[in-house]
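Go by the hints and put chain Z onto chain S.
Number of protein chains: 2
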Amino acid sequence: MPTNNPRIAVDAMGGDFGPSVVVPGALNAARQGGCTLLLVGDPDQIEAELAKHDTKGLSIEVVPASQVVTMEDKPSEILRRKKDSSIHVACRLVKEGKADGVVSAGNSGATLACGMFVLGRIEGVERPALASFLPTEKKPVVLIDVGANVDAKPYHLFQFGLMADVLAKTVLGYEKPRVGILSIGEEEGKGNIQVKEAYDIFRKSSLNFLGNVEGRDIFTGDIDVVVCDGFVGNVALKLSEGLATSMGRMLKGELTRSILSKLGTVLAIGALKRFKRLTDYAEYGGAPLLGLSGIVIVCHGKSNIKAINSAVDMASTFVKNDANGRLVRALSRNEELTMFLRTRVAAEGQ
Amino acid sequence: MPTNNPRIAVDAMGGDFGPSVVVPGALNAARQGGCTLLLVGDPDQIEAELAKHDTKGLSIEVVPASQVVTMEDKPSEILRRKKDSSIHVACRLVKEGKADGVVSAGNSGATLACGMFVLGRIEGVERPALASFLPTEKKPVVLIDVGANVDAKPYHLFQFGLMADVLAKTVLGYEKPRVGILSIGEEEGKGNIQVKEAYDIFRKSSLNFLGNVEGRDIFTGDIDVVVCDGFVGNVALKLSEGLATSMGRMLKGELTRSILSKLGTVLAIGALKRFKRLTDYAEYGGAPLLGLSGIVIVCHGKSNIKAINSAVDMASTFVKNDANGRLVRALSRNEELTMFLRTRVAAEGQ
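The listed protein sequences correspond, in order, to chains S and Z. Taking UniProt numbering, I'd label the letters of the first sequence as residues 1 to 350. Taking UniProt numbering, I'd label the letters of the second sequence as residues 1 to 350.
Don't read these hints as lab results, they were simulated from the structure. Where hints are given, some of them may not hold.
Intra- or inter-copy, both count: the list cannot distinguish identical chains.
Said to hold, decoys possible - Computed cross-link-like contacts, EDC-like style, restricted to lysine to aspartate or glutamate with a CA-CA straight-line distance of at most 20 angstroms:
1. Lys190 x Glu72
2. Lys204 x Glu335
3. Lys273 x Glu123
4. Lys153 x Asp44
5. Lys190 x Glu77
Only chain S is shown next, with the shape it has when bound in the complex (with noise of 0.2 angstroms):
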């Protein structure tokens, strides 16, 4: 339901640095974008740190989780154990009408199960997604799948296809979105026996399909959603993150070697910023997790404030442009999404 003041439940107790660094976070999207926030998780730790901000004005409530999920926790004991931890607890708000999404930086697997079980898929939605914006040199690119699936099927690619393509345009605003598979080639024929079979199929489908793309393809912005398997996309989306970075502490090394270069880093200091904005990850923080009824950004465990806070607004961005509801119904109306399965299921059966 699309909304000026969306409800965002918010896993306080996940992350890497928990209620310390996810806090803040929120706090700061409340404090810009208007949202309610529902922090969920234990309600000392939470009200020790919200006492450390100021929270006049501000719409607060913490939602009382009773255990924890651990990074070592495997997603089926957590659906049976831990029904109170803080990201099941979460997604029930959600499920509940008292929430209108949520945000995790917890153990990514967790999250997912939760979204499955408690929110429910899209119907005709075989494997929910990881999308992740990435900068460009022109606008925003959508990577998918950035984690959730390690042994996805052809036809998952092309779901996934599917889901971004209607992502790129409630979101982003791409009228007619170029999509393109990752691979090791451009001609059809290059990659895995996976990425051939894909390419069938959204080479059939009504997709704006320009075939296979190539690594260095992602970041030039002549390519808007770029499709592979969860474990390719999340090697890809942390290489590029630890890239930038490091790249950056290099340029930042060498440009405070010498007197004179320092003096130019001081005349030139506006257009560094810009720069490193242009390619700070944190700036994008979440990642939406496709294919749920409901909205779910999944964060980096190891998110510090300003992901947190881009996280919770890309979750309020997502619930006032009724980005869900629109995906539902883009999918739901879609044949295509299931046309090829059933061939093939159909095909297996004769």
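Then chain Z, alone, in the frame of chain S:
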């Protein structure tokens, strides 16, 4: 055989630009490094290109090859029908002892096929793999495989690790290379099935195995060898190149937007140039194909003059260091190379 005047067979017809880029790139390397060039391909085109350059004092031989391999040619067809192609002839020169190494920017599937068929594999190596040196914040890292095998088995990954370990020791001089598997989480048990099984083999081996590493760890310089499947590695390599290039362009765009930042740029130009060199992939040029009984350096199809120059330099360095001889001796003595493979075959036979 180590020598101070390596004879490098250069596939002059390879790459998107053919002799117009390959010949001047090779000439630059010959001028700097003192190697003998055997330029293989269409004599008319090669001579026409040579006529444009000053070749005085250089040791150059043109070796005729009447056929050209295209990007569309299948490796099996090249072996059968294109025995007089430039890459096939170049590999034969090494086999016959007339050259010490091959450099090609042509169809890499063809190079792999000719390398395997003409030169043969090192005993015990199942799958030759492409290694790539990537710049990091500290010393270079070896990424293997960057594209020779898109469907590698877990014990293939282990063989890649063993080969890259030897490479890091002999060419980079690393004493006890820290080896990791590229995955989507550091904990054991993270990743796809291929990675999980490989983890177990690496753990039992004599390698200095650090466990799983993530994309973000590649560029910190805290790991020396990163092992992955050729699909993932190729995506990772091209993505790194693309992102570094795009970041460079974005930085340049920002730095030339205002008078003040332009002035700053002039003052910091030395630092910016050093930064560009740190992240310029053409500096690294080629990827050695490990596991063959001979030195083969594979370049990008899109290689520029500088990249070809670097690749011929790399081939010369490999010859001078007897890198392949040391690889052959280290691997031939190495029981581990086939131990896990034999264990597996025995287990399956029961």
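For each hint, the structure was consulted:
Taking the shortest Cα distances, Lys190 and Glu72 sit within 20 angstroms of each other only across copies (10 angstroms), while inside one copy they are farther apart (37 angstroms). In the homo-oligomer, the alpha carbons of Lys204 and Glu335 lie at most 20 angstroms apart inside one protomer (13 angstroms), although the nearest pairing across protomers, at 50 angstroms, exceeds that limit. Proximity of Lys273 and Glu123 under a CA criterion of 20 angstroms is satisfied in neither setting, with 44 angstroms inside one chain copy and 54 angstroms between copies. In the homo-oligomer, the alpha carbons of Lys153 and Asp44 never lie at most 20 angstroms apart, since the shortest distance is 45 angstroms inside one protomer and 50 angstroms across protomers.
Taking CA atoms no more than 20 angstroms apart as the test, Lys190 paired with Glu77 passes between copies only; the shortest distance there is 17 angstroms, against 40 angstroms inside one copy.
Of the hints listed earlier, those the structure fails to meet are numbers 3, 4, in rising order.
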